[in-house]
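Novice: Heads up: take any position in the sequence shown, counting from 1, add 90, and you land on the numbering used here.
By construction, these hints were calculated from the structure, which means they are not laboratory data.
Each hint should be verified, as a subset may be incorrect.
Unchecked claim - DSS-like cross-link-like pairs, simulated, lysine-lysine; straight-line CA separation at most 27 Å:
#1 K282 <-> K462
#2 K467 <-> K251
#3 K251 <-> K282
#4 K462 <-> K121
#5 K121 <-> K251
#6 K435 <-> K467
#7 K251 <-> K435
#8 K435 <-> K121
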Amino acid sequence: MNDRLRIARIQGFAFRSPIAEPVQTSFGIMKDRPAAFVRIEDQDGCFGWGEIFANWPAAAAEHRVNLLARDVAPFAFEHAFSHPEQMFELLTSRTEIVALQSGEWGPFRQVIAGLDIALWDLFARRNGQTLRHYMNAESPDVVPAYASGIHITDAEALIPKSREIGFSAFKVKVGFNMEDDLALLEQAFDTKAAADTIAADANQAWTEDAALSFITSTRGLPLEWLEEPVRADADPTAWAALSRASPYPLAGGENLVGFDEFDSAVQRAHLRIFQPDIIKWGGITGCLRVGQNVQAAGLRYCPHFLGGGIGLQASANLLAAVGGDGLLEIDANPNPLRDAFGSVKTRILDHGWRCSLEPGIGIVSVPEELTKYETHKAEVLSPMHL
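Using the sequences and the accompanying hints, generate a full structural model.
Specialist: Right, dumping it as structure tokens:
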């Protein structure tokens, strides 16, 4: 194989799986489970897989595949790469003006993140290493994990169910009705096992005053953290006030973008727990650097993730490479687009997620059973392979 690779083929796939029970957050309801996967192949036939954020808006998965094929993928053929970071920098630069012109900063960043993950996977495969060991030779094979996405009204049923699988850490969604949220959260703590830890996620639901009211009312609860109590883009003074008032750590980061934004947030330290999402911004290139900076600042890196099986495997490998005492987020709700790559109950070991021992992220192809959920696909070939 060549020391520098050229990408020869890029394929995008949109999937949409029906679910029996909608997944509800404070800002919207997911009525199905979408995913957008991307596969890249180099001139030697080596390949890598990535995932593009597609949860919101509801039409995102198909749009991201079209954006990948028509507006982003062609730039990836312009140069040969000796390291995966180079493509992230190239695509970010080449799409900046059109993202500004269209106002679609998020979608472009998400497509670039998926391509970045796929190229890191490809490089690791070429080297015969797992993705985590390609990044850090000392990476563990199991990372701590927690069960997430538990609506507060479902906590009584889902926490014991998740505990049976092997979890001892849980995160409940609040931000619906303050009085009900508080009563149900008290109940969750009253009925938890001795070793359990519980965090809460408001999904940007509250004003600063409402968030302060929640913090005051839960001062006696040993919350592991409170996530996004106000808008992610709220004035830093609001975050500072909440941080001063809170007896437990504040968490966030899934809706921060760019190295400068993360660097500023790390320096302010209003957040004690940082949760960048590799399929929303940065891919491996961006989130590896952010995770390392978070660790160096004495803060905690707990990657956000609520997507399909490819991104989850990549997120687990990244957490293993960054290290520390952070937890991998595992959605407690059913998701065929995740479980077809390996069910959660077969991956949990000693309260942690067992990473694949195969090269890259350990995924060779999309399981055949998922083809019934495929809604759109696209393929782009480099000019030299047309």
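Novice: Hints first: check each against the structure and report whether it holds.
Specialist: Each hint tested on the structure:
1. Distance check on the hinted pair: K282 and K462 sit about 39 Å apart at the alpha-carbon level, beyond 27 Å; violated.
2. A C-alpha spacing of about 36 Å is found between K467 and K251, which places the hinted pair above 27 Å, so the restraint is violated.
3. Between K251 and K282 the CA atoms are separated by roughly 12 Å; this keeps the pair inside 27 Å, and the hint holds.
4. For the suggested pair K462 and K121, the alpha carbons sit about 17 Å apart, so the restraint of at most 27 Å is met.
5. Restraint check for K121 and K251: the C-alpha separation of about 22 Å stays at or below 27 Å, so the hint holds.
6. For the proposed pair K435 and K467, the alpha carbon gap of about 30 Å is over 27 Å, so the pair is violated.
7. As the CA atoms of K251 and K435 are separated by approximately 11 Å, the hinted pair is consistent with the 27 Å bound.
8. Of the pairs offered as hints, the one joining K435 and K121 holds, with about 24 Å between alpha carbons and a cut-off of 27 Å not exceeded.
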